[in-house]
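Same order as they appear, the protein sequences are chains G and S. Residue numbers for the first sequence follow our numbering, so the first one is 1 and each next one is one higher. Residue numbers for the second sequence follow our numbering, so the first one is 1001 and each next one is one higher.
Among these hints, one or two may not hold up.
[Unchecked claim] Label-pair restraints from in silico Cβ distances:
no.	chain 1	residue 1	chain 2	residue 2	range
1	G	Val74	S	Ala1108	42 to 48 Å
2	S	Lys1037	G	Ile153	34 to 40 Å
3	S	Leu1102	G	Gln75	42 to 48 Å
4	G	Ala49	S	Val1073	17 to 23 Å
Quick caveat, the hints were computed from the structure, so don't treat them as lab data. Think of the CB as a built atom: it goes at the ideal place given N, C-alpha and C, for glycine as much as any other residue.
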Amino acid sequence: MSYGWISEETFTYFVAVSESTPGPIMVNLATYVGSSKGGILGALLATAAVVTPAFFIILLIVTILKRALDNLHVQACLNGIKACMVGIILAMGLSMVIENILPQMSAEEISVDVTALMITIILLLNSWIYKKRQKKVISPIMLILTAGVLGTILY
Amino acid sequence: MMLLELFLTFAQIGAFTFGGGYAMISIIEDECVEKRKWITSDQLSTITAIAESTPGPMAINCATYTGYMQAGVPGAICATLGVIVPSFLIIYLISRFFDNFLEITVIAKAFKGIKVAVGIFDCWLSFFWWGVCCDTIDKGCSDVLWLD
Chain G
1 MSYGWISEET FTYFVAVSES TPGPIMVNLA TYVGSSKGGI LGALLATAAV VTPAFFIILL
61 IVTILKRALD NLHVQACLNG IKACMVGIIL AMGLSMVIEN ILPQMSAEEI SVDVTALMIT
121 IILLLNSWIY KKRQKKVISP IMLILTAGVL GTILY
Chain S
1001 MMLLELFLTF AQIGAFTFGG GYAMISIIED ECVEKRKWIT SDQLSTITAI AESTPGPMAI
1061 NCATYTGYMQ AGVPGAICAT LGVIVPSFLI IYLISRFFDN FLEITVIAKA FKGIKVAVGI
1121 FDCWLSFFWW GVCCDTIDKG CSDVLWLD
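Excised from the complex, chain G in its bound form (with noise of 0.2 Å):
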């Protein structure tokens, strides 16, 4: 890294540690690198700089320029994003559950995850079941919680 705060090594566990724990990866990294250089005033510095830009460009986006959101143009270029996103999102989700279910995948081996494949199944038979039952869509927070409590006990 060009100021030579941390090696690449602690930087490849401070990435892995941010993104086990919950909370945007950026943020926990932040925290996580000025927490370990400058104590606690490292921690709150690095975090409000990763988080004020986003918040102020947001913020000028709904006030300054919300007139230009309107715009017929604005609003086309908005629906088409809006488009491709829902296919990346799909796309992501999809390599997600393929990769836990299917961790390696080559033409020599095929090695099934049976211990994700048990949980992805009561997930969504979970979600399933709760949707008939109740008339309403599961919690996401539920879902979690249940598949940290399973993780635990099967794997």
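Got chain G sorted already, so can you dock chain S onto it with the hints?
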């Protein structure tokens, strides 16, 4: 108290999203659209599209937008803080007290399970939005391709 509710709701969202990005959107969809009716699905998909095309973490963008829509600038501040505070505290504690966080087996196992759920969310969200935003998407496609 609207501001407190915004803060607490987004703190809950921040504390339960793993994998960032789209996984968080499906929780926002549930908490802010389905349960509290703060914004509509169409608004959320619009803000996600804007968030995609502007710098910064998507979760922050969505929180700022929803907070602003509910209670102006103070609302935007409360919602944004809400999303950050849980992850800030968690990471700060980890960096202080755990040197080998990833080697704690219970956490590693739970995370493996959660990863499965996150994949399912993403698929669910895209199908859901496909249904809800079908009209705008159709319009978007024809706008982009100049079909009509």
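Cross-check of the supplied hints:
no. : hint                             : result
1   : G:Val74 x S:Ala1108: 42 to 48 Å  : 45 Å, holds
2   : S:Lys1037 x G:Ile153: 34 to 40 Å : 36 Å, holds
3   : S:Leu1102 x G:Gln75: 42 to 48 Å  : 45 Å, holds
4   : G:Ala49 x S:Val1073: 17 to 23 Å  : 20 Å, holds
When each numbered hint is compared with the structure, no violation occurs for any of them.
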